[in-house]
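These protein sequence lines are chains A and B, in that order. Residue numbers in the first sequence follow the working numbering, run continuously in steps of one, and reach 425 at the last position. Residue numbers in the second sequence follow the working numbering, run continuously in steps of one, and reach 1425 at the last position.
The hints are simulated quantities; they were obtained by calculation from the structure and are not laboratory data. Incorrect hints may have been included.
[Stated by the list, open to error] Pairwise CB distance ranges (calculated): (1) Lys1395(B) to Ala389(A): 34 to 40 Å; (2) Leu1369(B) to Glu403(A): 43 to 49 Å; (3) Glu403(A) to Cys1398(B): 29 to 35 Å; (4) Glu1424(B) to Val249(A): 28 to 34 Å; (5) Gly1364(B) to Ala242(A): 18 to 24 Å; (6) Lys1420(B) to Arg256(A): 34 to 40 Å; (7) Glu424(A) to Arg1370(B): 48 to 54 Å; (8) Arg16(A) to Gln1367(B): 31 to 37 Å; (9) Leu1209(B) to Glu424(A): 41 to 47 Å; (10) Ala242(A) to Gln1367(B): 26 to 32 Å; (11) Arg16(A) to Leu1382(B): 20 to 26 Å; (12) Val249(A) to Ser1002(B): 55 to 61 Å.
We put the CB at the ideal spot given by N, CA and C, even for glycine.
2 protein chains.
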Amino acid sequence: MSLFSRNAALAEMFSRHGAALCQAEELSRDTVTDALNDGHMVFLGNPRHAGVAPRLVGQPARVKVNANIGTSPMDNSPAAEMRKLLVAVDAGADTVMDLSIAGDLRAIRVEILAGCSLPLGTVPLYSVARRYAEAGKDPALFSPEELFEEIERQAEEGVDFMTVHCGLTKRGAEWASEAGGRIMGVVSRGGTILARWMRKHGAENPLLLGYDRILDIAGKYNVTLSLGDGLRPGAGADAGDAAQWEEVVMLGRLAREGLRNGVQCMVEGPGHVPMHMVEAQIRGIKAACNNAPLYVLGPLVIDSSPGYDHIAGAIGGALAVRAGADFLCYLTPAEHVALPDAADVRLGVIASRIAAQAGETALGRPQALRREATMSTARKRLDWKAMQATALDAKAVCSKRGEHADEEVCAMCGDFCAVKMSREE
Amino acid sequence: MSLFSRNAALAEMFSRHGAALCQAEELSRDTVTDALNDGHMVFLGNPRHAGVAPRLVGQPARVKVNANIGTSPMDNSPAAEMRKLLVAVDAGADTVMDLSIAGDLRAIRVEILAGCSLPLGTVPLYSVARRYAEAGKDPALFSPEELFEEIERQAEEGVDFMTVHCGLTKRGAEWASEAGGRIMGVVSRGGTILARWMRKHGAENPLLLGYDRILDIAGKYNVTLSLGDGLRPGAGADAGDAAQWEEVVMLGRLAREGLRNGVQCMVEGPGHVPMHMVEAQIRGIKAACNNAPLYVLGPLVIDSSPGYDHIAGAIGGALAVRAGADFLCYLTPAEHVALPDAADVRLGVIASRIAAQAGETALGRPQALRREATMSTARKRLDWKAMQATALDAKAVCSKRGEHADEEVCAMCGDFCAVKMSREE
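Next comes chain A alone, as it looks inside the complex (with noise of 0.2 Å):
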């Protein structure tokens, strides 16, 4: 029995778009329904998120990029989070995922909604932890009902995918814990809060044992499920350890369990890796994981460039899309340091997809490999319209040529261009 038949809402929301994104990606209508149905592929698109424009993630399709935006308590301003908004989408953001922890969540949720056609990503935990910070209470004293109430909310609000950490275990837990030898802990807002419930409950994760309710919620409204990596490590040292690998095989174990279901799911991944574990957390990471979507947050190769993560984390996606990762989470070079702004959002945007772009030339993409062909041939022509028009940025193009813009050579090297004298003969 395929996805569709048991997926009524991914079913009516492929009858409508499915045509124009097969168009899009290059990819015959069989190959992508094959994908859907293996569970390598997911389609993002909540029929309750009026207007959105759904995307495809998981190979063969383009991998995707996305945004992160939202408030923060010390940084709170639901208007400069809709500006940041259209800057991500200009830049060519895929999807964009709400983190606020600030301010009236559901009403900045809902006005991104509303603004916004990329599909939206959210992590409903965050909206039930902060009621709690609110009240000057610990917010790992929620209710398991308060949290499924949560993500029934938002599903029926319209968002299209979400972030649920429930491949993280008790003993996952105590393994990533300093004590169980790691540099870091655990780093993921999500996942700490969870770690910290279980720990007061003496429970097991809720979001594991109450699967199945979220599985019943997202299939009724096409929420495709972003199984979190709770565990992820948050330093190069901790990268591949026993916490990391126990909540991958969960992890594994749940895409599987989502797609019996007729549940998309996607894995989320990490973090922090240095480059020589990069390809074999990948390709480790989607054999646990059936080759469901892999998310991946960078990864970042080093820890040691606070300001410039987006850098880090832009070597490690491009080694990670080569290895076979399918949607890259930015990094901005406000990571681990500051709220980004909206210039940060930019930078973000643009060096996910240069990693895109990279791991997919390498990859040989024909998709990739006509945008390279295409910028190498104007190149050479001296073609600038033809260059900003194939660049991934086209307005950093032709900002920094600056008062040059119309001379037929740049000013780094003027009559000394190389291609203007080897023309001239």
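Given the structure of chain A, go ahead and fit chain B onto it with the hints provided.
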């Protein structure tokens, strides 16, 4: 017979600076002198460069980063170049190259030499070609004699290393033409001028025919020759072609000949190389060149990121370092588009240092691992002073934190900080 006995200038400089360099590199004197004798490492430092702080380049010394500065016909301000020099030093560059091609080149170079304790590199051909261009003549009309005189003059002035495109042959230049099948042809400025000279004069490369003469000069002043890759690929699709390898094998032969004559040589490398070919290129070039220190420009893993080539270059640079490259020439956001300004210079140096740190971390180099461990530990302790001190760019951390610089957590998560939440139980 050791290199030192054939190169009195090197012997003198090493006796003065060797102990401090060995200490800084955490390498024994024997390790360093063996590597220098084998030609696997070079000591950059011309005794005529007053106040120079020499650098070791080549494994197992730490990977070094070079910043290019210099005037261009469309952006000619020697004062601006002096400011860029200070920025490059402040950002952590190990060496600087003066690639000026406009204005009074000698005056600029002498000013940079006097103001720069880092080893300085140049491309003497630019000065010669510039004289012709300035007089409205074809730069390819220069006489070989003028070029040798320029090399000697710059050596006397104290230039520490010079790019000389001695490995560029007539047949290599033909193979690298568009007629030979390349998309971009020759993209090196020096390579273009030499290829044109060879066609005009129907003769072989004067830098190749006159290599003995260059060795005499270089040996006298301990100028390290940076054997230039005039035929490096200028598009990903051109990487690894016959023209490139024709030059690489010549560079390897010339490096060995240099060493036999007591002259230190590095080999310059690409350029534009897609990710999947970087390792093969680096290992191939090192093997063909007897492991002479490899000085790479990038490499750029995609062509389609003008405005952000420091990021595409950091991806390639990290892969190159991991595969064995010794020396990274920076790329700035201005590459292919404009002459870099001071902000571009800073970003270029930092991006290259990130690439070096990523590659060296993957290689398990002790200094790189120590920096990573120090950062992770500081992060776990929320010790912002230590994070700033350990960051590749302390200033960026400080300015990003802004008004929140005195708080325990950062503005991204505020009290939702995973590290803080994990701690408070």
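> Does the structure break any of the earlier hints, and which numbers would those be?
Replying inline: 8, 9, 11
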